[in-house]
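First to last, the sequence lines map onto chains C, Y, A and V. For the first sequence, the residue numbers in this note's numbering are 217 to 353. For the second sequence, the residue numbers in this note's numbering are 217 to 353. For the third sequence, the residue numbers in this note's numbering are 217 to 353. For the fourth sequence, the residue numbers in this note's numbering are 217 to 353.
Honestly, the hints are just simulated from the structure, not real lab data. Some hints could be false.
So the derived label-pair ranges between C-beta atoms look like this [stated by the list, open to error]:
{"#": "1", "chain 1": "V", "residue 1": "Ser240", "chain 2": "C", "residue 2": "Ser321", "range": "52 to 62 Å"}
{"#": "2", "chain 1": "A", "residue 1": "Gly261", "chain 2": "Y", "residue 2": "Asp255", "range": "44 to 54 Å"}
{"#": "3", "chain 1": "Y", "residue 1": "Ile284", "chain 2": "C", "residue 2": "Gly242", "range": "42 to 52 Å"}
{"#": "4", "chain 1": "Y", "residue 1": "Asn335", "chain 2": "V", "residue 2": "Asp255", "range": "23 to 33 Å"}
{"#": "5", "chain 1": "A", "residue 1": "Gly333", "chain 2": "V", "residue 2": "Asp230", "range": "26 to 36 Å"}
{"#": "6", "chain 1": "C", "residue 1": "Lys350", "chain 2": "V", "residue 2": "Gly319", "range": "13 to 23 Å"}
Where a beta carbon is used, it is the ideal one built from N, C-alpha and C, also for glycine.
Given next are the chains, with one letter for each unit.
Protein chains: 4
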Amino acid sequence: MATKDQIRDFMASDFPQNKCLVESVGNQSATIRHKIGIDELRPGGTVSGPVMMAVADVALYVAILGEIGLVPLAVTTNLNINFLRKPSSEKDIIGKCKLIKIGRSLAVGEVTLFSEGNNEPVAHAVGTYSIPPKRDN
Amino acid sequence: MATKDQIRDFMASDFPQNKCLVESVGNQSATIRHKIGIDELRPGGTVSGPVMMAVADVALYVAILGEIGLVPLAVTTNLNINFLRKPSSEKDIIGKCKLIKIGRSLAVGEVTLFSEGNNEPVAHAVGTYSIPPKRDN
Amino acid sequence: MATKDQIRDFMASDFPQNKCLVESVGNQSATIRHKIGIDELRPGGTVSGPVMMAVADVALYVAILGEIGLVPLAVTTNLNINFLRKPSSEKDIIGKCKLIKIGRSLAVGEVTLFSEGNNEPVAHAVGTYSIPPKRDN
Amino acid sequence: MATKDQIRDFMASDFPQNKCLVESVGNQSATIRHKIGIDELRPGGTVSGPVMMAVADVALYVAILGEIGLVPLAVTTNLNINFLRKPSSEKDIIGKCKLIKIGRSLAVGEVTLFSEGNNEPVAHAVGTYSIPPKRDN
Numbered sequence: 217m218a219t220k221d222q223i224r225d226f227m228a229s230d231f232p233q234n235k236c237l238v239e240s241v242g243n244q245s246a247t248i249r250h251k252i253g254i255d256e257l258r259p260g261g262t263v264s265g266p267v268m269m270a271v272a273d274v275a276l277y278v279a280i281l282g283e284i285g286l287v288p289l290a291v292t293t294n295l296n297i298n299f300l301r302k303p304s305s306e307k308d309i310i311g312k313c314k315l316i317k318i319g320r321s322l323a324v325g326e327v328t329l330f331s332e333g334n335n336e337p338v339a340h341a342v343g344t345y346s347i348p349p350k351r352d353n
Numbered sequence: 217m218a219t220k221d222q223i224r225d226f227m228a229s230d231f232p233q234n235k236c237l238v239e240s241v242g243n244q245s246a247t248i249r250h251k252i253g254i255d256e257l258r259p260g261g262t263v264s265g266p267v268m269m270a271v272a273d274v275a276l277y278v279a280i281l282g283e284i285g286l287v288p289l290a291v292t293t294n295l296n297i298n299f300l301r302k303p304s305s306e307k308d309i310i311g312k313c314k315l316i317k318i319g320r321s322l323a324v325g326e327v328t329l330f331s332e333g334n335n336e337p338v339a340h341a342v343g344t345y346s347i348p349p350k351r352d353n
Numbered sequence: 217m218a219t220k221d222q223i224r225d226f227m228a229s230d231f232p233q234n235k236c237l238v239e240s241v242g243n244q245s246a247t248i249r250h251k252i253g254i255d256e257l258r259p260g261g262t263v264s265g266p267v268m269m270a271v272a273d274v275a276l277y278v279a280i281l282g283e284i285g286l287v288p289l290a291v292t293t294n295l296n297i298n299f300l301r302k303p304s305s306e307k308d309i310i311g312k313c314k315l316i317k318i319g320r321s322l323a324v325g326e327v328t329l330f331s332e333g334n335n336e337p338v339a340h341a342v343g344t345y346s347i348p349p350k351r352d353n
Numbered sequence: 217m218a219t220k221d222q223i224r225d226f227m228a229s230d231f232p233q234n235k236c237l238v239e240s241v242g243n244q245s246a247t248i249r250h251k252i253g254i255d256e257l258r259p260g261g262t263v264s265g266p267v268m269m270a271v272a273d274v275a276l277y278v279a280i281l282g283e284i285g286l287v288p289l290a291v292t293t294n295l296n297i298n299f300l301r302k303p304s305s306e307k308d309i310i311g312k313c314k315l316i317k318i319g320r321s322l323a324v325g326e327v328t329l330f331s332e333g334n335n336e337p338v339a340h341a342v343g344t345y346s347i348p349p350k351r352d353n
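Given only the sequences and the hints, what does the whole structure look like? Please build it.
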């Protein structure tokens, strides 16, 4: 397992371009925040789909690291995302992940995305990560 | 319908943060290129999942605009992506979209992603866009 | 909206080949049971994938009818299902659906499938139904 | 690898309830036929979603067996299906699978479903099978 601070440090050093902030992790869950500014918006005020996909992907990754520790080679094998409602252009995107299964080689979880402060999800995703085999040193 | 130049101009003005280049569009298809540099790489040399999701999403969008014209309010409703092989860290990502159905309100297409120069797909996606109703002025 | 008895009667008359039993419906949810016998098993004792897909599809349909009433022309547009664990060959399959969004033309929900009596899901699905426009007569 | 006759015999003995007929297999592909009769129809004349999901699932399985031989423990891990057009109530459903990747432990393929005689797909699916490790005896 890994703590929130350990994961935050790991993300900062290994994923410097990552703009998602880890809000909480543990108990087979994680909450991620992505600030929304001009770079994230399409004209007309929609948060871009790829930004929301990134939040879902990172939320899964963080929840998984919270369970199995800092495993950099865990990679996404499948992501399915449904876009439900137009997000606010003025609120951060919050991604809440709940893991559904952590197996020996695959982990599956779902992520619900919100515009902060609004209870109705803007998107919902289910993703699968592959977990590389452990190596004894 | 819209031509490649029209779509390129539209993307440049309406999606200034977009880093995908339209290589070709037409005949219910589109080819997109995304240059790969330090911003796109995870340590260890993998192209980040969200970059590949963005290429798939833009490839669908461009193929759809090629068929129905410049409709800015067409938005993704669903994307499902399978990551198949580790991409090269030194090659651009190429996304080739083929539309499967263009309906009155939904368009469905598939996108195969490659590291340029390698025939084996690095990812495969199927996505659905909703097309807003036409308005007569 | 429709009650459990109304939906049960509707399923019996309109879907006579359907083997799923409606256990409960309401509050944007539904629970479905599918008895498991020789017809549902692959040799080796696995419940067949298509049986589980059918349970997920019917659970969504029933939950949606519970909200919008008996609308026979509501049809599945997309289903994504992850198979997580091998189900028991001796227990009924239970499908629990929770709707995520009910829009004017699309409804999205998730379904978790269990072998009765075991808390760990055997499968998880997310599906979208299209809801035909209402007609005034 | 396995031939069409070997796969047909295997399906008949191991999956007696299966109603899909193997039309062709080989070259990382397979074609499957499902006859459509009263058992497959919903009132109003639509082929039921679960029947089409079953065709997609079997088409994938047969294509995979065609490549790796008769491996009964290969099982579906994920299936994503989009329903595109209303199928005919009077034509068989044809499923054409093309494998996208055959790895050591996962195989991914897509299946396009047609009402026989009509070129426009009624559904399109992408699925992943897990392939159990080989055992040496």
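Comparing the hints with the structure gives:
The supplied range of 52 to 62 Å is broken by serine 240 of chain V and serine 321 of chain C, whose beta-carbon atoms lie about 33 Å from each other. Evaluation of the 44 to 54 Å hint for glycine 261 of chain A and aspartate 255 of chain Y yields a pass: the beta carbon distance comes to about 50 Å. A beta carbon spacing of about 46 Å between isoleucine 284 of chain Y and glycine 242 of chain C agrees with the range 42 to 52 Å that was offered as a hint. Taking 23 to 33 Å as the suggested C-beta distance range, the pair asparagine 335 of chain Y and aspartate 255 of chain V does not conform, at roughly 43 Å.
For glycine 333 of chain A and aspartate 230 of chain V, the hinted distance range of 26 to 36 Å is satisfied, since their beta carbons lie about 28 Å from each other. For the pair lysine 350 of chain C and glycine 319 of chain V, the beta carbons lie near 20 Å from each other, so the given range of 13 to 23 Å is met.
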